[in-house]
Amino acid sequence: MKPLAISHYTVTTACGRGKAALLDALRSGRSGLRHGQFEAGAMDGWFGAVDALDQPLAPEHAAWDCRVNRLLAAALQQDGFIPAVAALRQRYGAARIGVFVGTSTSGVQQAELAYRDRDRSGGRLPDWFDYSRSQSIHVPAEFARLLLGLGGCCMSISTACSSSAKVFAAAARAIRAGLCDAAVVGGVDSLCLTTLYGFNSLQLVSADICRPADLRRKGISIGEAGGFAIVDPAASADGPALLGYGESGDAHHMSTPDPEGRGAQAAMQAALARAGVAPAAVDYINLHGTATQANDLAEDRAVCAVFGDAVPCSSTKGWSGHTLGAAGMVEAAIAMLCIEHGLIPQSLNTLDLDPQLRGAVVRQALHTRVDRVLSNSFGFGGSNCSLLFGRPA
Amino acid sequence: MKAPEVKDLYVNAVGLAAPGLHGWAQARQILSGAQPWAALPEAPYAPQLLPPNERRRAPAGVRQAFRAAEDAQSACAMDFSQLAAVFASSDSDLTVMDRINCALSEPVRAVSPTDFHNSVHNAASGYWSIAASCRLPTTAVGGYDGSFAMGLLEAAALVHGDGFGVLLVAFDVPPPPLLRASRPLSCAASIALVLGDAPGPGTLALLRLSLADEAESLLSDAALENLRQGNPALRGLPLLCAIARGGSTRLVLPHVPGCNVMLEVAAA
Chain P
1 MKPLAISHYT VTTACGRGKA ALLDALRSGR SGLRHGQFEA GAMDGWFGAV
51 DALDQPLAPE HAAWDCRVNR LLAAALQQDG FIPAVAALRQ RYGAARIGVF
101 VGTSTSGVQQ AELAYRDRDR SGGRLPDWFD YSRSQSIHVP AEFARLLLGL
151 GGCCMSISTA CSSSAKVFAA AARAIRAGLC DAAVVGGVDS LCLTTLYGFN
201 SLQLVSADIC RPADLRRKGI SIGEAGGFAI VDPAASADGP ALLGYGESGD
251 AHHMSTPDPE GRGAQAAMQA ALARAGVAPA AVDYINLHGT ATQANDLAED
301 RAVCAVFGDA VPCSSTKGWS GHTLGAAGMV EAAIAMLCIE HGLIPQSLNT
351 LDLDPQLRGA VVRQALHTRV DRVLSNSFGF GGSNCSLLFG RPA
Chain C
1001 MKAPEVKDLY VNAVGLAAPG LHGWAQARQI LSGAQPWAAL PEAPYAPQLL
1051 PPNERRRAPA GVRQAFRAAE DAQSACAMDF SQLAAVFASS DSDLTVMDRI
1101 NCALSEPVRA VSPTDFHNSV HNAASGYWSI AASCRLPTTA VGGYDGSFAM
1151 GLLEAAALVH GDGFGVLLVA FDVPPPPLLR ASRPLSCAAS IALVLGDAPG
1201 PGTLALLRLS LADEAESLLS DAALENLRQG NPALRGLPLL CAIARGGSTR
1251 LVLPHVPGCN VMLEVAAA
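First to last, the sequence lines map onto chains P and C. Per my numbering, numbering of the first sequence is gapless, rising by one per residue and ending at 393. Per my numbering, numbering of the second sequence is gapless, rising by one per residue and ending at 1268.
If you're looking for bench data, these hints aren't it; they were derived computationally from the structure. Quick reminder that beta carbons are idealized off the backbone N, C-alpha and C, glycines included. There may be inaccurate statements among the hints.
In silico negatives: residues of chain P with every beta carbon more than 12 angstroms from chain C [as the list claims (entries may be wrong)]:
| hint | residue |
| --- | --- |
| 1 | L23 |
| 2 | G36 |
| 3 | D117 |
| 4 | G178 |
| 5 | A234 |
| 6 | S236 |
| 7 | G249 |
| 8 | D250 |
So the derived label-pair ranges between C-beta atoms look like this [to be verified]:
| hint | chain 1 | residue 1 | chain 2 | residue 2 | range |
| --- | --- | --- | --- | --- | --- |
| 9 | P | S132 | C | A1077 | 37 to 45 angstroms |
| 10 | P | A52 | C | A1038 | 53 to 61 angstroms |
| 11 | P | D54 | C | S1248 | 54 to 62 angstroms |
| 12 | C | A1038 | P | Q77 | 35 to 43 angstroms |
| 13 | C | Y1045 | P | H61 | 39 to 47 angstroms |
Use the sequences and the hints to build the structure in full.
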């Protein structure tokens, strides 16, 4: 495929609001994860929480008020993103710009609060609960469309932890198919009890801080994040670009990756093939790297099958936590930061590298020219997506 | 609004499961107007393609999705493992979410691991990937009442942007009692379409797709219009009526505010 220019992007994680905060954290090795409780009385652990989400939305958007929409609105405020979309709108017209947003849980936290507040004798949820502006999986995309004044086609993608990687693929093919001329893509997921206790029921939440690729890794630390990017085929070619993407299904199990990583291999190979890039031309692989036993081992096998064992790779979940449906977007932003700033981040929090892993896990950050980065995102249901970013030249 | 240049899509098979519309072979007689619709509820359904473990675990939403997908497959010679798949649903399965939210509102907060893995919006696409041994791209989208059109757009993009034949399945099931006031769906329903850039042996129709800020089409038959409004998947019913009648029809499906999907449907 022809490289697709990413003219602007922004990302808000536990490391701070805006991409400069994330870059600073990556450079300084400062994790955004903190020990504590997401809310009073809930199980404690390590979380990647975004600060200051306790303020309600502006009065004109009060009907949309919930944690995921606050996070989304905060993310859009950073890095001059809203003015950049306004300029895009001038060029293409609002009706020809698609909006593609990935989320795994949308505003389900609002439903959690409503269930706690319900009238148990009458079997009723409180009147303030509005499914269509909180819990519905379509809410972040619709709210982003409203905040950005866009009127074109719209895609809400929810494939668990690959959701906001797949938005780049969906936008690229929609542009190629003629459904839109340019796109705003993004991902957002906020902390909630559903994912905390859900992953915990599968024994996938670490009591310790998450330690990707570590011999004694015990699972994920959950984080929250929001991020957006502008896919503009007519943008100048000197910034980062999407070179390729690949998607696949594991056809194996709903919540356990194929131990051989065959689906993951297929996604990576499809991304390389679509870009016309050889494995050896990739400078860095940003791993899905959740720090569960099963993921890190299966992903390592898949990476080594496609790339051999020499391409530097690391997971950046040690900074942000696993931001689930937002992870694809967060790690796309990290891939672009690495290319723009010549950085290959280390596998943060890794103490003793698991000797079973054969890949070239980065233990100390490298400061070097980075031309191409592959980013992996894998989700429940065996949903895999690999994105290849690079300089278009 | 400038009409975008989207190439034609071929409808190579149809599947349908809804009250009184028990499979495409039976339902097309009703949707064409040859027979009246009658309110016959559907019998419970066990997906045929799923291995026993997954069949046992699959929640109602997944079963409903499989019902239309398997109906389409029964009339289609294609190898479904070689089709990309799009599952479009507003709510996926709110009964699963309800059990989780009830558990989370108790002091112990004991979430069932099976409920959690069934709670992802892409549960149906994950089960489908396993059932059909499909390692091609599968995806799950949700656009509230515009879910059918959203799925159709992603399917069109997969066909014309990426070169895949595509199975599109739109499905939704009614929520449990606590959520009925918040999300009142009147019935369970699902529609499946096999779409491609070329005709096959059983091709039913040709679609020309564009985006338009025009009002969605209603159905003149009151009973069918009632069904259309009762489930987001059945917002696709005007398309199935047009296919069943044959000839040429222009119709508009709801997508998102200010942007609906216009279809020119021609008999193959």
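Distance restraint hint 35 to 43 angstroms, applied to the beta-carbon atoms of C:A1038 and P:Q77:
Given range 35 to 43 angstroms: violated, Cβ gap about 55 angstroms.
Is the nearest CB of chain C more than 12 angstroms from the CB of P:L23?
Check passes; 31 angstroms lies beyond 12 angstroms.
Minimum C-beta separation from P:S236 to chain C exceeding 12 angstroms: can you confirm that?
holds (24 angstroms)
If we take the beta carbon of P:G249, is the closest beta carbon in chain C still more than 12 angstroms away?
violated (3 angstroms)
For the hint 54 to 62 angstroms, verify it against the beta carbon of P:D54 and that of C:S1248.
Holds, at about 56 angstroms.
P:D250 and chain C, when compared Cβ to Cβ, separated by more than 12 angstroms
violated (7 angstroms)
Report holds if the minimum CB distance from P:A234 to chain C is greater than 12 angstroms, and violated otherwise.
Since the minimum Cβ distance to chain C is about 16 angstroms, P:A234 lies beyond 12 angstroms and the statement holds.
Given a hinted range of 37 to 45 angstroms, is it respected by the beta-carbon distance of P:S132 and C:A1077?
Given about 41 angstroms between the Cβ atoms, the range holds.
Verdict on P:G36 as a residue remote from chain C, using beta-carbon distances over 12 angstroms
At about 17 angstroms from chain C, P:G36 clears the 12 angstroms cut-off, so the statement holds.
Is it true that the C-beta distance of P:A52 to C:A1038 lies inside 53 to 61 angstroms, as the hint says?
58 angstroms Cβ-Cβ, so the 53 to 61 angstroms window holds.
Starting from the range 39 to 47 angstroms, see whether the pair C:Y1045 and P:H61 falls in it by beta-carbon distance.
Given about 42 angstroms between the Cβ atoms, the range holds.
Quick check for students: does the CB of P:G178 sit more than 12 angstroms from each CB in chain C?
P:G178 not clear of chain C: closest Cβ-Cβ about 4 angstroms, inside 12 angstroms.
Consistency note: the structure conflicts with the earlier hints numbered 3, 4, 7, 8, 12.
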